[in-house]
Amino acid sequence: MQGGSSGIGYGLKYQARCISDVKADTDYTSFLTGTLSLKEENEVHLLRLSSGGSELICEGLFSHPNEIWDLASCPFDQRIFSTVFSTGESFGAAIWQIPELYGQLSSPQLERVASLDAHVGKINCVLWWPSGRCDKLISMAEQNIFLWNLDCSKKSAEVLSKDSAGMLHSLSGGAWNPHDVNAVAASGESSVQFWDLRTMKKVNSIEHAHVRGLDYNPKREHILITAEDESGIHVWDLRKAKVPVQELPGHTHWTWAVKCNPEYDGLILSAGTDSAVNLWYASASSSDDKLSESPVESIRQRVNPLLNSYTDYEDSVYGLAWSSREPWVFASLSYDGRVVIESVKPFLPRI
Amino acid sequence: MATEAAPMDEKAKRMRDLLSSFYAPDPSISTSGSSINASFDNINSTSFDADQYMDLMIKKSNLEVLLQRHVQMAAEIKNLDTDLQMLVYENYNKFISATDTIKRMKSNIFGMEGNMDQLLQKIMSVQSRSDGVNTSLFEKREHIEKLHRTRNLLRKVQFIYDLPARLQKCIKSETYGDAVRFYIGAMPILKVYGDTSFQDCRRASEEAIEIIIKNLQTKLFSDSESIQARAEAAVLLKQLDVPVDSLKDKLLEKLEQSLDGLQIKAKEASLLAEHNDSSNDAESSDQLPAKIHEDAVRGFSEAMRAYREIFPDSEERLFKLARALAAMHFENMELYIRKRVSAADFLRIFRIIWEDVVLMDEVLPEAELSDLSAEAAQVTVKQFVAKTFSHLQQDISDTILKFDINQKEAVEEEVLKVVLEASKKAGLQGITDIFQDFRQLLDENTGIFVKMKDLIIGWIQNGFQDFFRSLEAQFLVLSGKTSSSNDTEGGLVEGKSSEKIHAGLILVLAQLSVFIEQKVIPRVTEEIAASFSGGNSQAFENGPAFIPGELCRVFHAASEKLLQHYIDTRTQKISVLLRKRFKTPNWVKHKEPREVHMFVDMFLHELEEIGKEVKQVLPQGTFRKHKRTDSNGSNTTTSSRSNTLHNDKMTRSNSQRARSQLFETHLAKLFKQKVEIFTKVEFTQESVVTTTVKLCLKSLQEYVRLQTFNRSGFQQIQLDIQFLKAPLKETVEDEAAIDFLLDEVIVAASERCLDVIPLEPPILDKLIQAKLAKSKEHNNNNTVSS
Chain F
1 MQGGSSGIGY GLKYQARCIS DVKADTDYTS FLTGTLSLKE ENEVHLLRLS
51 SGGSELICEG LFSHPNEIWD LASCPFDQRI FSTVFSTGES FGAAIWQIPE
101 LYGQLSSPQL ERVASLDAHV GKINCVLWWP SGRCDKLISM AEQNIFLWNL
151 DCSKKSAEVL SKDSAGMLHS LSGGAWNPHD VNAVAASGES SVQFWDLRTM
201 KKVNSIEHAH VRGLDYNPKR EHILITAEDE SGIHVWDLRK AKVPVQELPG
251 HTHWTWAVKC NPEYDGLILS AGTDSAVNLW YASASSSDDK LSESPVESIR
301 QRVNPLLNSY TDYEDSVYGL AWSSREPWVF ASLSYDGRVV IESVKPFLPR
351 I
Chain D
1001 MATEAAPMDE KAKRMRDLLS SFYAPDPSIS TSGSSINASF DNINSTSFDA
1051 DQYMDLMIKK SNLEVLLQRH VQMAAEIKNL DTDLQMLVYE NYNKFISATD
1101 TIKRMKSNIF GMEGNMDQLL QKIMSVQSRS DGVNTSLFEK REHIEKLHRT
1151 RNLLRKVQFI YDLPARLQKC IKSETYGDAV RFYIGAMPIL KVYGDTSFQD
1201 CRRASEEAIE IIIKNLQTKL FSDSESIQAR AEAAVLLKQL DVPVDSLKDK
1251 LLEKLEQSLD GLQIKAKEAS LLAEHNDSSN DAESSDQLPA KIHEDAVRGF
1301 SEAMRAYREI FPDSEERLFK LARALAAMHF ENMELYIRKR VSAADFLRIF
1351 RIIWEDVVLM DEVLPEAELS DLSAEAAQVT VKQFVAKTFS HLQQDISDTI
1401 LKFDINQKEA VEEEVLKVVL EASKKAGLQG ITDIFQDFRQ LLDENTGIFV
1451 KMKDLIIGWI QNGFQDFFRS LEAQFLVLSG KTSSSNDTEG GLVEGKSSEK
1501 IHAGLILVLA QLSVFIEQKV IPRVTEEIAA SFSGGNSQAF ENGPAFIPGE
1551 LCRVFHAASE KLLQHYIDTR TQKISVLLRK RFKTPNWVKH KEPREVHMFV
1601 DMFLHELEEI GKEVKQVLPQ GTFRKHKRTD SNGSNTTTSS RSNTLHNDKM
1651 TRSNSQRARS QLFETHLAKL FKQKVEIFTK VEFTQESVVT TTVKLCLKSL
1701 QEYVRLQTFN RSGFQQIQLD IQFLKAPLKE TVEDEAAIDF LLDEVIVAAS
1751 ERCLDVIPLE PPILDKLIQA KLAKSKEHNN NNTVSS
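Sequence order for the protein chains is F and D.
First residue of the first sequence? That's 1 in this note's numbering, and the numbers climb one at a time after it.
First residue of the second sequence? That's 1001 in this note's numbering, and the numbers climb one at a time after it.
Just so you know, these hints were derived from the structure itself, not from any lab.
Treat the numbers as computed from the prediction; the structure is a model and nothing was measured.
Where a beta carbon is used, it is the ideal one built from N, C-alpha and C, also for glycine.
It is possible that some hints are incorrect.
Said to hold, decoys possible - Result set (DSSO-like, lysine-lysine): computed pairs, CA atoms no more than 27 Å apart in a straight line:
no.: 1; chain 1: F; residue 1: 162; chain 2: D; residue 2: 1583
no.: 2; chain 1: D; residue 1: 1680; chain 2: D; residue 2: 1725
no.: 3; chain 1: F; residue 1: 39; chain 2: D; residue 2: 1589
no.: 4; chain 1: F; residue 1: 122; chain 2: D; residue 2: 1573
no.: 5; chain 1: D; residue 1: 1451; chain 2: F; residue 2: 202
no.: 6; chain 1: D; residue 1: 1573; chain 2: F; residue 2: 242
no.: 7; chain 1: D; residue 1: 1580; chain 2: F; residue 2: 122
no.: 8; chain 1: D; residue 1: 1615; chain 2: D; residue 2: 1451
no.: 9; chain 1: F; residue 1: 39; chain 2: D; residue 2: 1591
no.: 10; chain 1: F; residue 1: 122; chain 2: D; residue 2: 1583
no.: 11; chain 1: D; residue 1: 1320; chain 2: D; residue 2: 1382
no.: 12; chain 1: D; residue 1: 1059; chain 2: D; residue 2: 1156
no.: 13; chain 1: F; residue 1: 122; chain 2: D; residue 2: 1589
no.: 14; chain 1: D; residue 1: 1156; chain 2: D; residue 2: 1172
no.: 15; chain 1: D; residue 1: 1094; chain 2: D; residue 2: 1013
no.: 16; chain 1: D; residue 1: 1320; chain 2: D; residue 2: 1172
no.: 17; chain 1: F; residue 1: 122; chain 2: D; residue 2: 1172
no.: 18; chain 1: F; residue 1: 202; chain 2: D; residue 2: 1580
no.: 19; chain 1: D; residue 1: 1580; chain 2: D; residue 2: 1387
no.: 20; chain 1: D; residue 1: 1583; chain 2: F; residue 2: 39
Stated by the list, open to error - Derived, one-sided and incomplete: chain D residues facing chain F with beta-carbon distance under 8 Å:
no.: 21; residue: 1575
no.: 22; residue: 1707
no.: 23; residue: 1708
no.: 24; residue: 1711
no.: 25; residue: 1751
no.: 26; residue: 1754
Excised from the complex, chain F in its bound form (with noise of 0.2 Å):
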């Protein structure tokens, strides 16, 4: 199954991890990407998807400050989003205006907005407020976690809440429920666990190691997907979170990124280190009514949920996004910098 040269390519001049789609953009399928590199001058690159979908064309370049390690689009302003940086020595996050393009203006200054400069440890992700106009960010780092209100106008972003993770919790990434916005993920050394914001409170945790990346399925409410180093991805029903509801596979090393089709319920899509992107497909009636699991069920539950492993890569791909505005297409990243948009679409009639 080999990935062909079907998708499109683009390169950007350093090595990069975050990709991240431009939500708030209802005109053109874009997709925000930053670069990782130590010494050199870092790039955010502003892509968009021409319109007959064949060619990626890069509508912005601007240059930032630090390696970018996270990178999260504004849901409801195209224009804003958030970095997550480090100087080498130290991490820091920032919320990021693209300015008004007035031509071909190489390289402009990005408008700082706001720093979320409130953290002490290592930054992980920065997460917004799932759906529609609403001003609250989360902002993670290793041992904390804070919620954040922005006021664009102003430039300024103040604490809201925040809470302590505990010492021995040292949080990897996150993801804010869609279903319920008073329900945020973490991914952590050795459960995942989930906050209430309202208390800011933790309220519940799965004991689950190792975990690197999860999503939430935006279809369905209490599915939540893990990605872990070893043992591959796990789907999770959040009422019953003993016993993960699915496992798939994975990948020869580790998932990295895992990413639920904002459109498609249970297409899944993950990123792992053996340079290779995986589409899958999690039947979701299995995990509904399970208990009336006829044989014809269970033969189909062990048809190959793996649709088709995109492996035209020459790193390990961290970086992975779908696009929302055509749910079908997906970009992706691997570490020596090369953004790769795919079509899911010829895999669509299997589901």
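Go by the hints and put chain D onto chain F.
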């Protein structure tokens, strides 16, 4: 008529014809026979026309003939005349004699009247006289009759008075039949006069009857009596109006109680089987239990037969009993086979039970026992087959787990090998035994087995299919790799967390799966083809029977899964090690490297352990040499080139900017073929170790990529990796890939380094030598101390 007439003389015939023409008004009837031939020229015919005849004659004949004819005719006419005369004469004579007779009769009739009157008178007188006699004798006769009646009455009274004595006599002689007859005969009188005249008599006879009833009952209950006698007793009791139903109930209850005695309890069953067993080689006296049981059942069936004759209306009850017996037998059988039972024992017991059933069936064919027990037998045999399989599975997993416990005590010994061999043996032996058992089942000639043969074959095939499937599932459970499919066993699975499961066990299971796929399943397939094939259309309808192809696939997948799982658990362990290594220090503020970090030791130790386990369980790669030269040949050259490139780059990068370095890395990558890091794992020692090392190095690279290093940090990594190079190459099959990965780690570190200045090779060497010396010393110490 013509034929009849032939023997008659001509004359008589004519006479008769004439007579008949005279008497009969329609001569055509009588002469019909002769007139058949007649035509109009037949003179005797009624339709004879003389003129026509004449014409014909004249026309046809000449004169001579005519003359002849004339003479002949004249003679005939004359004859006829005389005949007629004679006829008239004879009849006339008769007529005359008749008139004479009539005349005589008329004269004789006179005087008869007078005689008649006389006769009447005489008869009248006789009657009057007889009346006289009758009246004169009447009184006497009346008297005689009265006397006679009295005598009868007296005789009856006498009989009643004698009744007790008679009954006693009957009791003595045991002729209860007569006694009952007497008593019943006397019953009406006793009923009417019992309270008055015959009080004593009645009491006595009732006492006697009481005794009789008692005797009869004992007779009925006593098993020693013949059935006939008991049946008679029952009939007599019934005649005596003794409530037989309660008796019947009692008897049947007794029968039911005796049913308990017939139970083949599980314990007894084994005893039975054992005794039978030993009887084969020891004295036949040991056969006792079976014999006893047989006798008991025989007795039971006899009793059944008897009761059936005695109480024909209690059939239902007996049916129920017989069914209960069969059901009980099969229930006990089920209990019995719940324990481990060999097919021989099973068959022995089964045979006994079946004999019982046949016996019962003979006695009570209407009870449909054979159908009922055939069903039960099917269920039992099916259960037996299933049980056999589950026992085998239990055996195999027991073997695996038994050694696992020992393993903790003696890690150094080649326990894994022992476990593997033992489980292999257990598996093969189990399969062989199972086939032997099943062959016995099939060879069994008991009627029911012959009927069930196809079914049994179906069950066996199905059984194998299920057995292998569940064995695979169990392997997965044992390995701790519980897929989400068996959530039902959640509790059980949760108890065994994956950490508790020894990685070696997983490896053993993987290899065992291969063994099953390659050896056991083909063997089973052969056996099935040889002795258990055909005639299972029914089984096929119900579901798929034994499908070796599918099972092979399943086990192949399982073996791969398990091997992968083994590698996963192993790498996981190392991964934890690496994670700790990279999480703990502050790499940006790392101090100058003094020595090779100890995580390397731990890493190598883990690898060593893997090597040890793998060596015990997996075969050596046979094509090792060949492979290396063939498939990796090009890689080795390229990688060595890249190595030199890389080294060059390293030396140069002292003075160069990192940017060009990155560029060069990319360039180097371009030249290099994409080294296949993640190849398919094979079931060889080298392949597994190589894969593990590759995965670990890749993890190492990823961990490195997540950090930022200062110069010293980078140098530390460089040192560690350099140290790893030699020992890793020794253990590993695919040197090119390892080289590549090790380089990748260093490249990754240099990319994440703020200030890339590698250690000088002499210093590197020195540190490595120091480490080697130290580890050697350590080893020596260890050996000395131990």
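Status of the hints after comparison with the structure:
no.: 1; hint: 162/F - 1583/D; verdict: holds, 25 Å
no.: 2; hint: 1680/D - 1725/D; verdict: holds, 23 Å
no.: 3; hint: 39/F - 1589/D; verdict: holds, 17 Å
no.: 4; hint: 122/F - 1573/D; verdict: holds, 25 Å
no.: 5; hint: 1451/D - 202/F; verdict: violated, 68 Å
no.: 6; hint: 1573/D - 242/F; verdict: holds, 23 Å
no.: 7; hint: 1580/D - 122/F; verdict: holds, 17 Å
no.: 8; hint: 1615/D - 1451/D; verdict: violated, 52 Å
no.: 9; hint: 39/F - 1591/D; verdict: holds, 21 Å
no.: 10; hint: 122/F - 1583/D; verdict: holds, 12 Å
no.: 11; hint: 1320/D - 1382/D; verdict: holds, 25 Å
no.: 12; hint: 1059/D - 1156/D; verdict: violated, 113 Å
no.: 13; hint: 122/F - 1589/D; verdict: holds, 15 Å
no.: 14; hint: 1156/D - 1172/D; verdict: holds, 23 Å
no.: 15; hint: 1094/D - 1013/D; verdict: holds, 21 Å
no.: 16; hint: 1320/D - 1172/D; verdict: violated, 40 Å
no.: 17; hint: 122/F - 1172/D; verdict: violated, 118 Å
no.: 18; hint: 202/F - 1580/D; verdict: holds, 26 Å
no.: 19; hint: 1580/D - 1387/D; verdict: violated, 50 Å
no.: 20; hint: 1583/D - 39/F; verdict: holds, 23 Å
no.: 21; hint: 1575; verdict: holds, 6 Å
no.: 22; hint: 1707; verdict: violated, 10 Å
no.: 23; hint: 1708; verdict: holds, 5 Å
no.: 24; hint: 1711; verdict: violated, 12 Å
no.: 25; hint: 1751; verdict: holds, 7 Å
no.: 26; hint: 1754; verdict: holds, 5 Å
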